[in-house]
Every structure is written in C-alpha cells, then in structure tokens.
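Undergrad: Spelled out, the chains give:
There are 2 protein chains.
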Amino acid sequence: MSQTPIILTGDRTTGPLHLGHYLGSLRARVQLQNEAKQFLLLADAQAMTDNVGKHQKVTDNVIEVALDYLAAGIDPEKSTIFIQSQVIELAELTQYLMNLVTVARLERNPTIKQEIVLRGFERDIPAGFLVYPVSQAADITAFKATLVPVGDDQLPMIEQTNELVRKFNNTVDKQVLVECKAVLSAVTRLPGVDGKAKMSKSLGNAIALGASPDEINKAIKMMYTDPNHLRVDDPGQVEGNVVFAFLDVFEPDTAKLDELKAHYRRGGLGDSVLKRLLNEHLQDVIAPIRAERERLAKDRGEMLNMLRRGTDKAREAAARTLSEVKGALGLNYFG
Amino acid sequence: MSQTPIILTGDRTTGPLHLGHYLGSLRARVQLQNEAKQFLLLADAQAMTDNVGKHQKVTDNVIEVALDYLAAGIDPEKSTIFIQSQVIELAELTQYLMNLVTVARLERNPTIKQEIVLRGFERDIPAGFLVYPVSQAADITAFKATLVPVGDDQLPMIEQTNELVRKFNNTVDKQVLVECKAVLSAVTRLPGVDGKAKMSKSLGNAIALGASPDEINKAIKMMYTDPNHLRVDDPGQVEGNVVFAFLDVFEPDTAKLDELKAHYRRGGLGDSVLKRLLNEHLQDVIAPIRAERERLAKDRGEMLNMLRRGTDKAREAAARTLSEVKGALGLNYFG
Chain A
6 MSQTPIILTG
16 DRTTGPLHLG
26 HYLGSLRARV
36 QLQNEAKQFL
46 LLADAQAMTD
56 NVGKHQKVTD
66 NVIEVALDYL
76 AAGIDPEKST
86 IFIQSQVIEL
96 AELTQYLMNL
106 VTVARLERNP
116 TIKQEIVLRG
126 FERDIPAGFL
136 VYPVSQAADI
146 TAFKATLVPV
156 GDDQLPMIEQ
166 TNELVRKFNN
176 TVDKQVLVEC
186 KAVLSAVTRL
196 PGVDGKAKMS
206 KSLGNAIALG
216 ASPDEINKAI
226 KMMYTDPNHL
236 RVDDPGQVEG
246 NVVFAFLDVF
256 EPDTAKLDEL
266 KAHYRRGGLG
276 DSVLKRLLNE
286 HLQDVIAPIR
296 AERERLAKDR
306 GEMLNMLRRG
316 TDKAREAAAR
326 TLSEVKGALG
336 LNYFG
Chain B
6 MSQTPIILTG
16 DRTTGPLHLG
26 HYLGSLRARV
36 QLQNEAKQFL
46 LLADAQAMTD
56 NVGKHQKVTD
66 NVIEVALDYL
76 AAGIDPEKST
86 IFIQSQVIEL
96 AELTQYLMNL
106 VTVARLERNP
116 TIKQEIVLRG
126 FERDIPAGFL
136 VYPVSQAADI
146 TAFKATLVPV
156 GDDQLPMIEQ
166 TNELVRKFNN
176 TVDKQVLVEC
186 KAVLSAVTRL
196 PGVDGKAKMS
206 KSLGNAIALG
216 ASPDEINKAI
226 KMMYTDPNHL
236 RVDDPGQVEG
246 NVVFAFLDVF
256 EPDTAKLDEL
266 KAHYRRGGLG
276 DSVLKRLLNE
286 HLQDVIAPIR
296 AERERLAKDR
306 GEMLNMLRRG
316 TDKAREAAAR
326 TLSEVKGALG
336 LNYFG
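For the protein sequence lines, the chains are A and B, in the order given.
Each residue of the first sequence is one higher than the last, beginning at 6 in our numbering.
Each residue of the second sequence is one higher than the last, beginning at 6 in our numbering.
No wet-lab data here; the hints were simulated from the structure.
Note that the coordinates shown come from a computational prediction; the quantities given were computed from them, not determined experimentally.
Check before you lean on any hint, since a few could be wrong.
A pair holds if it fits inside one copy or across any two, identical chains being indistinguishable in the list.
[What the hints assert, rightly or not] Once the Cα atoms are required to be at most 25 angstroms apart in a straight line, the calculated DSS-like pairs of lysine-lysine come out as: (1) K280 x K261; (2) K59 x K179; (3) K172 x K62; (4) K303 x K149; (5) K266 x K62; (6) K62 x K303; (7) K59 x K172; (8) K206 x K118; (9) K179 x K62; (10) K206 x K83; (11) K203 x K266; (12) K261 x K226; (13) K226 x K266; (14) K59 x K118; (15) K226 x K203.
Starting from the given sequences, assemble the full structure and let the hints guide the process.
TA: And the structure:
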C-alpha cells in the first residue's frame, strides 16, 4: 500500500528568503507539491525562542516569507501554508513530548550543541531554545509527516523526532504518532557573496528573492573572487571563487562555462566579464519572482486570507492528531 | 482601588486527597471562595511530567480530586474548578514564557533541586519536569492571579513566576501579566501516620478524605507514638508522637489535651486510650465528607458536567489573557 507522502517543512520567519533558500528548498517544494501533501510552516513561534525583544522582526516577516513562497511558485491550493503560533495544538503536543526526553539528551543533540555555540548561549540557553527539537518533533508529528526535507546538519533532529515517536507509542502502547524520513536535498549550497560557506540574511551576504535590479548589481559587485587575481592577465583561481560557484548553478551552457574556467585559470579573463554574465542570469531568475512578489504584496488582505485558510486547514489536521494523542493518554474526559 | 483578589491554586491529580490536604489547603479554600475569585486547578498535565507510563493513574484521579473538593465544601458556583490539560492556552503561554528563562536558572530553582533529589532524577530530568515552574507560572499568570496559597517550600516558584512576569512585561514594554503574592498557609502540617514529616499518599502514610470507618481505625492503630513507651506505666514522650500531633489539631478541648499530655509524660496513660479519643474525632470529621463524597460519586455525569462548566469558564479567562499576550508580541495576525 503506497500512500501519498506527507511533507512538513518551512522556515523561521526572521527575514525574507534569498537565493540560497530558492535553490536549497523552495524550488524542490514547488515540485513536491504535485507529488505529496505538503505542509509549509511559517515558524514564528520557533523564531521567538532566540529573538526575545525582537518579536516584531519575527512577526513582520511572516507575510514576507509567505510572499516569497507564492512568488517562487508555491500554490496555496496545493500546499498548506500556515502560521505556527496560530496552531496552538503544536504547543500542546510539545508539552506532552517534553516529558519523554531528558534535559541531558537535549543537550547532547548535535544540532542544538552547534547552534548554542553559533548563538553564543553557552550556559545561558533559554529553556525555549533547548526544547526546540521537541517543538520541531511536535510540528512534524502533529501532521503525521512521513518526509521531512533537511540539510545533513539537521539529521539529528529527525533522529530525535523518531525517538520521541517510538517513546510516545510505547508509553501509550498504541501506534498513534508516525515516524518520518529525512529527505536530503540534492542541491549544492550557495555560498554567501562574501565567500562564507553559507548564504544568510543575518550575515548580510545574501541576495533576497525580491532584490531590485540595483541590489543584485551591488551584491555581484562585492562578490568574493580570487584575491590574488589582481590584474586581468594574472592566472586566477576558480575554486572558492564565489562568482564561479554561482555560475555553476546559473549558467546553463556547461561547455561555455568550462571554457570560461580554463580561460580564467590561464589568465586574461577579468572578473568584470564574469560578473556581467552572472548579473544577466541573476536578473533573469529574479525578475519574474520580484514582479510576482510585488503584485501579491499589493493585496495584503488577500495574503492574510490565504494564510488564514492554510492555518485553519493545518489546525484541523493537528487537532485530529491531538485528539488521538490525548485519547491515548486518557485525557479526553469530555468525549 | 481595592479589587477582589484572584486566587489560583490546585492539586496534582495523582491520588485522592487526604487529611493533610484538608487542613493544609482545602479548609482555607472553602473560606476563601467567599472572599476572592478562586480558580482551582486539577493539574493533570503537570502530574504527567513525572508520571510517564502512569497516565491512567493521573487521569483517573481527576474526578477523585474533584469529588474531594466538593465533599470538603468547595462550591463550584463560587470556585472555578477546571482541568489543566483542557485549557490549552496554558501550554501556549508556557511556550512563550520558556523563552524568558535560562536552563541554568531553572536548574538553580531550589524547589526543582529538591524535587529532583526526591524523585531520583539527577541528570535524567525529563525536560517537561525541568520546565514545570514555567508551566506553573503560566497557570498563575493566565488567570492574572494576585494571590497564590503555598507552603514555604514553594516560595521559590512564586519568585520565579514574578521574574517571568517582569521579563515578559519588559520585553513587550507593556503591563500585560500581573505579579502575584504568596499566601503562606498558617495551618500546621499534619505528619504522616508513620511519623514522617509529611502526610503523603505516595508514602502510604495518609488518611484519605473518603476513608471508611475501618480504614480510619486501621490508620490510627498503626500510628507512630513513642517507641520507648513500652508499658502503660512508663513515662511517654509527647514530642514527635503522631497521636498527639493529631490531637493538637482535632481535640477542641485544650485543657483536656494539656491534662492528657501531662499524664502521658508522667506515665500511666496508654496509647490505646489516646487512639480511641483520636478515632472518635477523626470519625466525626470524616463521616460527613465521606457521605457527601459517596453521594456525589453516584452521578459521574453530573460531575463531568460540573468540570466542563468550570473548564469552559477557565478557558475563557485564559483565552482573554492569551489574546493580550499574543497581541503584545504582534501575534494577532488575523485581528
């Protein structure tokens, strides 16, 4: 019996999405919405865990990320786009799953360990941040998701989710929650324009999906190339050169790209030529997304209606699971 | 402007209540329901945090504790009796408050420290258990309670709650949540029948509020007295003697009690005489409670209706607070 897979994925709403998201997840979701039942989570509540005092940034970006979704081709009739904080069943499920994992186990979670270092929390970890893998497990299991697209740094989160699923089902002696599989994205990660491994809004090295022609231009101008390639005639290095990393993704003519690389290596090819070429490609990729984004942004009311419909649908699904969860725990006192 | 105080108090639903509860809290609540707006929490969700796998015990006892409340004189028209797990706004508020406290701060909480030792958790603390002070803060603040009756061992919980209130209000720059005051109960704590400092169902040294005449008899028979008072003629010790600790509470004639103590000290007064006296008093105290309890227990449907009405009322109050909380955080997207 092969059932339609259920996908749960989404984004923290801390800023508009960028090209890295587009290649890393958005494009795949546009495909997957035809093959699976896809839930897209706007993770505002999760974003709050490490944005205390910056809640307005988090809530303002809910609609920005939703605009990016739609502009990139997500169809709200096919994918259920919803706001995490409005599905309070997720907080409820988190509460019950929290009893099934120890503090020590959460502290051992490699993803959490990494992020604690990244955010400089050390011993001052907000409790909400420590338990966010549990909240993530609730997000996944509330929709009985079977597939969760992740980067390989997120694999420990999936493992922890499935541990909780098994513990819960064992505790109530019933198969209520469903284990999920990680789907590793095949796409190469886009580096930041500054040459850092990861494109990230907070690092200021990203190109937003709604970037203006001028913003694209500027980002490409500051793009990291080969710092030793001082004169056009010098031989240049392709590896670690951000412009080539981008061309690898956006130049469809591979023969032409190979020729450019060879030319660059032996010298005589200036960065500006390459950047002009990349600029053309990026302008072409972003222009229709930006236009659609601008069109959609004009009717904020309709965007909110779309989000409300998605959120209602998500609540219904989560409430069904919670009713089973509470039933299994004996918590359905009123039938 | 002196407003009616709002009280939040309640019990974990891990077993029926006993005489210790009656003296320590129940009697006071019967008084307080005339002077304050009183919310009585049946803390099933909190009891789950350290009763994984024993969820049926927790849910079965919801109605038992409610029966104890009513039998002891709580009037559901005056006090709002509700089931914690059914007010999911409490899980929602917990989620937001969790971001405002660090793991280290929770681990420093003296009450939590004590209970971790008591339960033998050490490093295997369930995450849900570690954050239960936050959940307790949510219970209190969701109802904007101004008074919380506690034992002195619970004072750190009140302090933590008020810390969270101040942090939340500072974060949103608005007075949304309300600080509370601890009300220390004046009543002496009743020891266990075995001489242990605390009467507790789980220690097996309690006399239930619904105890049968025979159960009361048996409990008094096994009551710890003076182990060196072997023969009636021996001088006996009053201090640490459980029968006298009980008589201090239940013998209204203090002159008579003083005479009995003097007689016991100089010798010639047997334990059985004292136990007979105590038995008369306890039978008198418990008989009407037990009778009322039995009467109420016959109509389980009406008990559930009462609980549903209380829970609905509690949800309304909590939902009002949550709407303010979410509004202050910018989370009221849909108005």
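Undergrad: The structure should be examined with respect to each hint, and the outcome stated for every one.
TA: Do the hints match the structure? See the list:
Taking identical chains as interchangeable, the C-alpha atoms of K280 and K261 lie at most 25 angstroms apart only when both belong to the same chain, with a minimum of 15 angstroms there against 102 angstroms between chains. In this assembly of identical chains, K59 and K179 lie within 25 angstroms of each other by CA distance solely across copies; the values are 15 angstroms between and 41 angstroms within a copy. Taking the shortest alpha-carbon separations for K172 and K62, only the inter-copy value of 19 angstroms comes in at or below 25 angstroms, while the best intra-copy value is 36 angstroms. In this assembly of identical chains, K303 and K149 lie within 25 angstroms of each other by CA distance neither inside one copy nor across copies; the values are 35 angstroms within and 40 angstroms between.
Taking CA atoms no more than 25 angstroms apart as the test, K266 paired with K62 passes in neither setting, with 41 angstroms inside one copy and 70 angstroms between copies. Taking identical chains as interchangeable, the C-alpha atoms of K62 and K303 lie at most 25 angstroms apart only when both belong to the same chain, with a minimum of 20 angstroms there against 56 angstroms between chains. Within a single copy, K59 and K172 get their C-alpha atoms only as close as 35 angstroms, which misses the 25 angstroms cut-off; across copies the closest is 14 angstroms, which meets it. Only within a single protomer do K206 and K118 lie at most 25 angstroms apart by alpha-carbon distance; the minimum there is 22 angstroms, versus 41 angstroms between protomers.
Taking the closest pair of Cα atoms, K179 and K62 come within 25 angstroms of each other only across two copies (18 angstroms); inside a single copy the shortest separation is 42 angstroms, beyond that limit. Taking CA atoms no more than 25 angstroms apart as the test, K206 paired with K83 passes in neither setting, with 28 angstroms inside one copy and 55 angstroms between copies. With identical chains, the CA atoms of K203 and K266 are at most 25 angstroms apart within one copy only, with a shortest distance of 23 angstroms there and 80 angstroms across copies. Proximity of K261 to K226 under the C-alpha cut-off of 25 angstroms is restricted to the intra-copy arrangement: shortest distance 22 angstroms within a copy versus 97 angstroms between copies.
For the homomeric pair K226 and K266, the shortest alpha-carbon distance inside one copy (19 angstroms) is at most 25 angstroms, but the shortest distance between copies (95 angstroms) is not. Proximity of K59 to K118 under the C-alpha cut-off of 25 angstroms is restricted to the intra-copy arrangement: shortest distance 23 angstroms within a copy versus 32 angstroms between copies. When the C-alpha separation of K226 and K203 is checked against a cutoff of 25 angstroms, the pair qualifies only within one copy, where the shortest distance is 18 angstroms, while the shortest distance between copies is 74 angstroms.
Of the numbered hints listed earlier, those contradicted by the structure are 4, 5, 10.
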